[in-house]
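Novice: One letter stands for each residue in the lines below.
Number of protein chains: 2
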Amino acid sequence: MAKIKKINHVAIVVKDIDEALKFWRDQLGLELDHVEDVPSQASKVAFLPVGEGEVELVQPTAADAGIAKYLETRGEGMHHLCIEVDDIAEHLIFLKEKQVRLINEEPLVLPGRKMAFIHPKATNGVLIELYEITDEPES
Amino acid sequence: MAKIKKINHVAIVVKDIDEALKFWRDQLGLELDHVEDVPSQASKVAFLPVGEGEVELVQPTAADAGIAKYLETRGEGMHHLCIEVDDIAEHLIFLKEKQVRLINEEPLVLPGRKMAFIHPKATNGVLIELYEITDEPES
Numbered sequence: 051m052a053k054i055k056k057i058n059h060v061a062i063v064v065k066d067i068d069e070a071l072k073f074w075r076d077q078l079g080l081e082l083d084h085v086e087d088v089p090s091q092a093s094k095v096a097f098l099p100v101g102e103g104e105v106e107l108v109q110p111t112a113a114d115a116g117i118a119k120y121l122e123t124r125g126e127g128m129h130h131l132c133i134e135v136d137d138i139a140e141h142l143i144f145l146k147e148k149q150v151r152l153i154n155e156e157p158l159v160l161p162g163r164k165m166a167f168i169h170p171k172a173t174n175g176v177l178i179e180l181y182e183i184t185d186e187p188e189s
Numbered sequence: 051m052a053k054i055k056k057i058n059h060v061a062i063v064v065k066d067i068d069e070a071l072k073f074w075r076d077q078l079g080l081e082l083d084h085v086e087d088v089p090s091q092a093s094k095v096a097f098l099p100v101g102e103g104e105v106e107l108v109q110p111t112a113a114d115a116g117i118a119k120y121l122e123t124r125g126e127g128m129h130h131l132c133i134e135v136d137d138i139a140e141h142l143i144f145l146k147e148k149q150v151r152l153i154n155e156e157p158l159v160l161p162g163r164k165m166a167f168i169h170p171k172a173t174n175g176v177l178i179e180l181y182e183i184t185d186e187p188e189s
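Residue numbers (the working numbering), protein chains in the order written: chain A, 51 to 189; chain B, 51 to 189.
It should be emphasised that the hints constitute simulated quantities derived from the structure, not laboratory data. Among the clues, some could well be false.
Stated by the list, open to error - Under 8 Å between C-beta atoms, here's a sample of chain A residues computed to sit facing chain B: (1) Ile-57; (2) Val-60; (3) Ile-62; (4) Val-64; (5) Leu-80; (6) Glu-102; (7) Gly-125; (8) Leu-145.
Claimed, not checked - Covered, in the sense of this in silico footprint (three residues per stretch, anywhere, with C-beta under 8 Å from a C-beta of chain A), are these stretches of chain B: (9) 121-130; (10) 136-149.
Note that CB positions come from ideal geometry on N, CA and C, so glycine has one too.
Chain A extracted, bound-state conformation:
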């Protein structure tokens, strides 16, 4: 089985990143690494490193996307838990063998990373993102 490496991030859905940074950066004291648009997730994301992981503040950018509907229904709060593994394809095979309900049967391949979500029905209500860093040093 693939090796589980760490909690890569905890994602928090917020209405407005600038407003949210007033707490997470200015009051709690986390450092803001950067904010970026993530069109594949229909959102804008603020990355705040904490130890070996991150807190990510996620603001939906498209009203019809899943994350926007989540915000509308459940309000602001923790949205998903991202666990980094060394081999996501192998881990998905392992989960499928155990008949775990997945949102993505195959990894989504993006520059520098692969990702897949496990269905919260299988995980005591926690949306889990599996994540593999695929950045290779430049040759």
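Once you have looked at the hints, place chain B on chain A.
Specialist: Frame of chain A, contents of chain B only:
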């Protein structure tokens, strides 16, 4: 200001730890360190290390406690995010100066650790536990 060290744990409220371990240990593949009763939190907790942090599965043990009411109202899922700092007293002073709404104005002192919760009204809906490890090496 106190230094923020890491994500100490993500706590997940579950109805039944033994049932939940069928996913988190047997299917996802986390290691179970141990399960212990935590009377101060009216719960039983399973500790599953992930990198430098942990996933904690929390099963309420008293029907009238806050965590049991949370489970009844919201169902299973992520309950709180614990961030470890090097000096919780100093961090609480800093938060109070910034008029952040706290659940605990002073740290709760337990063997080996101090802890305090920030109110989710101040944090985009995330119950944050601040945590300081106070274990000293035996002399």
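Novice: If a hint holds in the structure, say so; if it doesn't, say that too.
Specialist: Verification of the supplied hints:
1. Ile-57: holds (5 Å)
2. Val-60: For Val-60/A, the interface hint holds, since the closest Cβ of chain B sits about 6 Å away, which is under 8 Å.
3. Ile-62: holds (6 Å)
4. Val-64: At 5 Å from the nearest chain B Cβ, Val-64/A passes the 8 Å test, so the hint holds.
5. Leu-80: Check passed: Cβ of Leu-80/A comes within 6 Å of chain B, closer than 8 Å.
6. Glu-102: Status holds, d = 5 Å.
7. Gly-125: Given a least distance of 6 Å, the restraint on Gly-125/A holds.
8. Leu-145: Since chain B brings a Cβ to about 6 Å from Leu-145/A, closer than 8 Å, the hint holds.
9. 121-130: holds (count 4)
10. 136-149: holds (count 4)
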